[in-house]
Amino acid sequence: MPSLTLADLQAHLGGTIRGDGNVLLNGAASLEKAGPGQLGFLLGRKFLEQARASAAAALLVPEVLAMSLTEPLPQACLVVANPHACFARALALLHPEPMPAPGIHPSASVAADCSIDATARIGPGCVIEAGARIGAHCVLGPHCVIGAGASLGYACHLHARVTVQHGCVVGDRAILHPGSVIGSDGFGLAWDADPGGGHWLKVPQVGRVVVGDDVEIGANTTIDRGALDDTVIEDGVKLDNLIQVAHNCHIGRHTAIAGCVGIAGSTRIGTYCQIGGAAMIIGHLEIADHVTISSGTFVAKDIREAGTYTSVQPLMRHADWLRNAAHLRHLDALAKRVKTLEKQIADQPAPTTPMERP
Amino acid sequence: MPSLTLADLQAHLGGTIRGDGNVLLNGAASLEKAGPGQLGFLLGRKFLEQARASAAAALLVPEVLAMSLTEPLPQACLVVANPHACFARALALLHPEPMPAPGIHPSASVAADCSIDATARIGPGCVIEAGARIGAHCVLGPHCVIGAGASLGYACHLHARVTVQHGCVVGDRAILHPGSVIGSDGFGLAWDADPGGGHWLKVPQVGRVVVGDDVEIGANTTIDRGALDDTVIEDGVKLDNLIQVAHNCHIGRHTAIAGCVGIAGSTRIGTYCQIGGAAMIIGHLEIADHVTISSGTFVAKDIREAGTYTSVQPLMRHADWLRNAAHLRHLDALAKRVKTLEKQIADQPAPTTPMERP
Amino acid sequence: MPSLTLADLQAHLGGTIRGDGNVLLNGAASLEKAGPGQLGFLLGRKFLEQARASAAAALLVPEVLAMSLTEPLPQACLVVANPHACFARALALLHPEPMPAPGIHPSASVAADCSIDATARIGPGCVIEAGARIGAHCVLGPHCVIGAGASLGYACHLHARVTVQHGCVVGDRAILHPGSVIGSDGFGLAWDADPGGGHWLKVPQVGRVVVGDDVEIGANTTIDRGALDDTVIEDGVKLDNLIQVAHNCHIGRHTAIAGCVGIAGSTRIGTYCQIGGAAMIIGHLEIADHVTISSGTFVAKDIREAGTYTSVQPLMRHADWLRNAAHLRHLDALAKRVKTLEKQIADQPAPTTPMERP
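Residue numbers (our numbering), protein chains in the order written: chain W, 1 to 358; chain F, 1 to 358; chain L, 1 to 358.
Hints are computed from structural coordinates only; laboratory data are not their basis.
Computed from a predicted structure; not experimentally measured.
Only part of the chain W face toward chain F is listed, based on derived beta-carbon distances under 10 Å:
(1) Asp-185
(2) Val-203
(3) Asp-229
With a Cα cut of at most 27 Å, we get these calculated BS3-like pairs of lysine-lysine:
(4) Lys-336(W) x Lys-343(F)
(5) Lys-33(L) x Lys-46(L)
(6) Lys-46(W) x Lys-33(W)
(7) Lys-301(F) x Lys-46(L)
To list a few chain W residues with every Cβ distance to chain F over 10 Å, as calculated:
(8) Gln-10
(9) Thr-119
(10) Gly-270
Quick reminder that beta carbons are idealized off the backbone N, C-alpha and C, glycines included.
Chain W extracted, bound-state conformation (with noise of 0.2 Å):
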């Protein structure tokens, strides 16, 4: 790891010092891990009590809340505008991943007329077929496959085991983590008559996934590939682990969206949403920009206004819960039983008092 002053920081990060800027970090923990020589992060003011009792050497802070502390904080801080993003950045600095010698591992397969940037570096095992380009300090990890005319831009980073299938095509900068399958076929079935009751012939899928620039994509995620156009995913898309994208849909750049959700074909989302985990998504669908999904929540249908969409149920402790989801089944029953009831109340003669008898 390097070793960088709370002033070399400064000098990438902007901010401002307050205390001793030569501090030497040499890494960067949690304010209940942080030992000498590391930085911590003091991200919100509930954590303000673990700060000062860290044994960080220096803390970042956001600005915010160094103008609000009424005693200093004793270790040496960077104070920051932006304190998320600096958080990600000193985090960088402090912990660069380690980048492997350029080259071809002796284990891979590589075909004889793929192009690969002498910066490259193909890890073990890999299979590169023909006619697949793979760009300048591409660093790509243990057998990841790209198959035949696909192709990787500037500085991917693979890990293990990635699979890119024929024709698709990834932008600069791409993070692709282990297991993750690019361009497998979409579910295209078409159905067909036959005397034993008819069975499903498959649609071959020839369009392919198409990946801008700056997109990661998690572990065991799968992307198909588009029927006959391509299934698109922009600049800046952020997908986490076990998430599936079917085949034709576009998701729109710098939305991020959460593990275990999956989106059914040629579904469009948005520019800059941000999708829960576990949420799904059907088929044929349009999601605005700038529109926020809960967890856990299933979207059947258009969203054209950006805002925050929910459809999960409340957790209840089990008895709970069979006393009142059977009343789901009757919730239509429900409801005509009070309408007939407004209607009865309505129906009364007015209620007489007293005063009115005769």
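Let chain W serve as the given structure and place chains F and L on it in line with the hints.
What follows is chains F and L alone, placed relative to chain W:
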């Protein structure tokens, strides 16, 4: 890609030609993207204007639509009775999969006593263990693992890094997508008391997975081997990506299951079922033939009759959801309050009218 | 397979023999499929008739059931107090896993400075990176990747293509199924403003995954490394297939989690919990010890007390669902209408009875 005339297609697909049957085709594309030499697909009336504007050289058109046209389409047309099946077949004719030359890649690890047909293709890094059998015209992509004693039938296509564990049987013409796992251990646990509070014992899983003919299994889908008996996937079943099929499930022929579905242990699903994405089916259930389960649906009881079944929450704006969902925890109380009201109304004396008054 | 007498089994499992203890067993099977030489399992009274009709050579029978039989079973029986645990142990004795010879397959890529115990088996295509440590009697199937500085304890069994990323620690006797990924990056993103509308910055994930002893992890399950601190999986935890465990989760010992579950970041799950398939747990929660979460349940708040918790929609015929679910969007309005009715009824004068009339 091959070059075929529209008349060549007609020879394979049937139907009638309107316009020039000699138009040459070398591929297919969407109506929007198709250009000269490409076949387009007009699969429904709502795409009619798009079809008229398409640069496609020829169109595949459903008979029922063609008969109702008041003015002919500008392109040569092949009019067919079963458009979806013809769509699949035309794509397969115009975009045939490249068939790699037979042979075993030198980097594959092949046990001495396995049986690999001379027409099969074994890709780089594949591992074929003792006693495994690979049928004629099988194609195994990179890094497939065929466990001891497992077998693949005729003309199976395994894409990159498919794992078929020991003893499992796959029929003819299977298509297995990257990362799929056939025959992982079922989740079999037995509770064992001990002075420390108890622990789980693994129940060895000694059954197999038996997959019929013409089955397709999606990327990163997992199918567990049976505990004692086998897990069975019958002929013609189609499984999308990221599906979990637990031990001892039995899936009837020609059932199609969309992505992200989970099926817990020992559940039997009938023939010709359609299960929407992210549906979840608990264990030890029986699902009848010809059942459709909507996307996102949770199935916790047997389904004994054909039909469509659903259990999802409708999507709401988050603020509406907050207001509405709170009542789900008190639905039983609400129903009781309605009952009380009904009783109160019923117990009221019939409203007296002025005429009746003494 | 080994040949054991029923008396041999008794020596390992305890219990009492009814009938011929010398009956020879070479395997186990279901009551329906068991034949001569095979052990069957009578695990509950409802299988009694099936057991009587079974061709099994011997049966394992729960004590409580054996005591209540009015006529003896036709087979030799081993009567045991803890049938499920004995079921697991008997299967392990009758179907021992083949243990491959120690050694490193010549196609494996092994860094010069890693440490591999001489009793370990490293399969074809495995990649063991610098500084990794592989304990005694570990068995690694084909294409496993052990990242730099990662370690496996004693007698771990990694099936095909398991990935353990750099620095992660796995304890003794772990069983990791195909495609599982330990130590992929957590989904850590920081929003960074820019003139173009902003973008996500990757937060480097510098924590590890630390897995205890006797842990089993299912096929294609993913466990992310911590952001700063570690993700922790304690001793005896059992995870099924296609589970996502996000960064900094902590799963207590002997908790069992079924397939397709997602657990978002920093959530702590207690000891001895059972989580049903496809449950989804949001981030930063605390789940107490001995909590059971039903299949398909969405957990969005802390669970502080042991017990069973549920939140799912009941299944309906689609037509019923359409009728009922529409009201979920108006549940708040319905509750208000009931309240109004209650007020109207309460405000009515006490109904006059004939006696009270003037």
